[in-house]
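Chemist: Kindly produce the complete structure, drawing on both the sequences and the hints.
Position in the sequence shown counted from 1, then plus 114, gives you the numbering used here.
Bear in mind the hints are in silico, worked out from the structure with no lab data behind them.
Watch out, some of these pointers could steer you wrong.
[Stated by the list, open to error] In silico BS3-like pairs for lysine-lysine, Cα to Cα no more than 25 Å straight-line:
1. Lys135 with Lys153
2. Lys226 with Lys255
3. Lys255 with Lys173
4. Lys173 with Lys254
5. Lys181 with Lys226
6. Lys226 with Lys173
From a predicted model like this one, the values you see are computed outputs, not experimental measurements.
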Amino acid sequence: MNPVLKLLLEGESLDTSQIGKILGMGADAVDRELAQLRKDGILLGFRPVLNPGWEAERKVRAVIEIKVRPEGMGGFDGIAERISGFEQVESCYLMSGGYDLLVVVTADNLYKVASFVHERLARIDGVQGTSTHFYLRAYKKDGFVIADDSRQGDKPSISA
Numbered sequence: 115m116n117p118v119l120k121l122l123l124e125g126e127s128l129d130t131s132q133i134g135k136i137l138g139m140g141a142d143a144v145d146r147e148l149a150q151l152r153k154d155g156i157l158l159g160f161r162p163v164l165n166p167g168w169e170a171e172r173k174v175r176a177v178i179e180i181k182v183r184p185e186g187m188g189g190f191d192g193i194a195e196r197i198s199g200f201e202q203v204e205s206c207y208l209m210s211g212g213y214d215l216l217v218v219v220t221a222d223n224l225y226k227v228a229s230f231v232h233e234r235l236a237r238i239d240g241v242q243g244t245s246t247h248f249y250l251r252a253y254k255k256d257g258f259v260i261a262d263d264s265r266q267g268d269k270p271s272i273s274a
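Modeler: So, in C-alpha cells, the structure goes:
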C-alpha cells in the first residue's frame, strides 16, 4: 500500500501543532480540546474518505439487514453489541421498518461475506433472518460525489 495513504489510514492527517497553527491556538490547547471531545464521546476518530472505486479493487462491502427476536441477550442492544464486536463489521444501526438492525461489513471477497453471515450472524441466538446486499458502485460517499472519469465521453458538450 502507498505509504502516505497507509499513514493517513492509520493516523491523523494533521498533528496538534498544525491544527493549532490553522486555528491560532497552541498545540497544548488543541490537545486539551481533542481530549475533551474524546472524553465526551463526540470525537470517535479521524479518517480519510477513500474513493470507493479504489477500495472495490481490494475489498467487498455489503449491507446486511437483520431481523431479530429481542428477548434474552439484553434485547436489541445486547445483540447489536455482539454483532458490532466482529472485525468485519464497519457499522451497526438499530432501524425502524421491516428489519431491526442494519450492518455494514467489509471482507476480502464475496465468499468471506457469505461465510460471515452463515457462520457468525445466523448462529447468534435471537437472529431470525438476514438479507445481504452487496455494494456495486458508489455515486456519493460521506458527502463527496464520486466522479467517474471513464464516462466523460458520454456527456454532451456544453456551449455558451
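Chemist: A separate judgement is required for each hint: does it hold in the structure or not?
Modeler: These are the hints, each one checked on the structure:
1. Lys135 with Lys153: The hint holds at about 23 Å.
2. Lys226 with Lys255: With a Cα-Cα distance of about 24 Å, the restraint between Lys226 and Lys255 holds, given a limit of 25 Å.
3. Lys255 with Lys173: 16 Å, holds
4. Lys173 with Lys254: 18 Å, holds
5. Lys181 with Lys226: Given that 25 Å is the threshold and the Cα spacing comes to 21 Å, the pair holds.
6. Lys226 with Lys173: OK: Lys226 and Lys173 at ~10 Å, within 25 Å.
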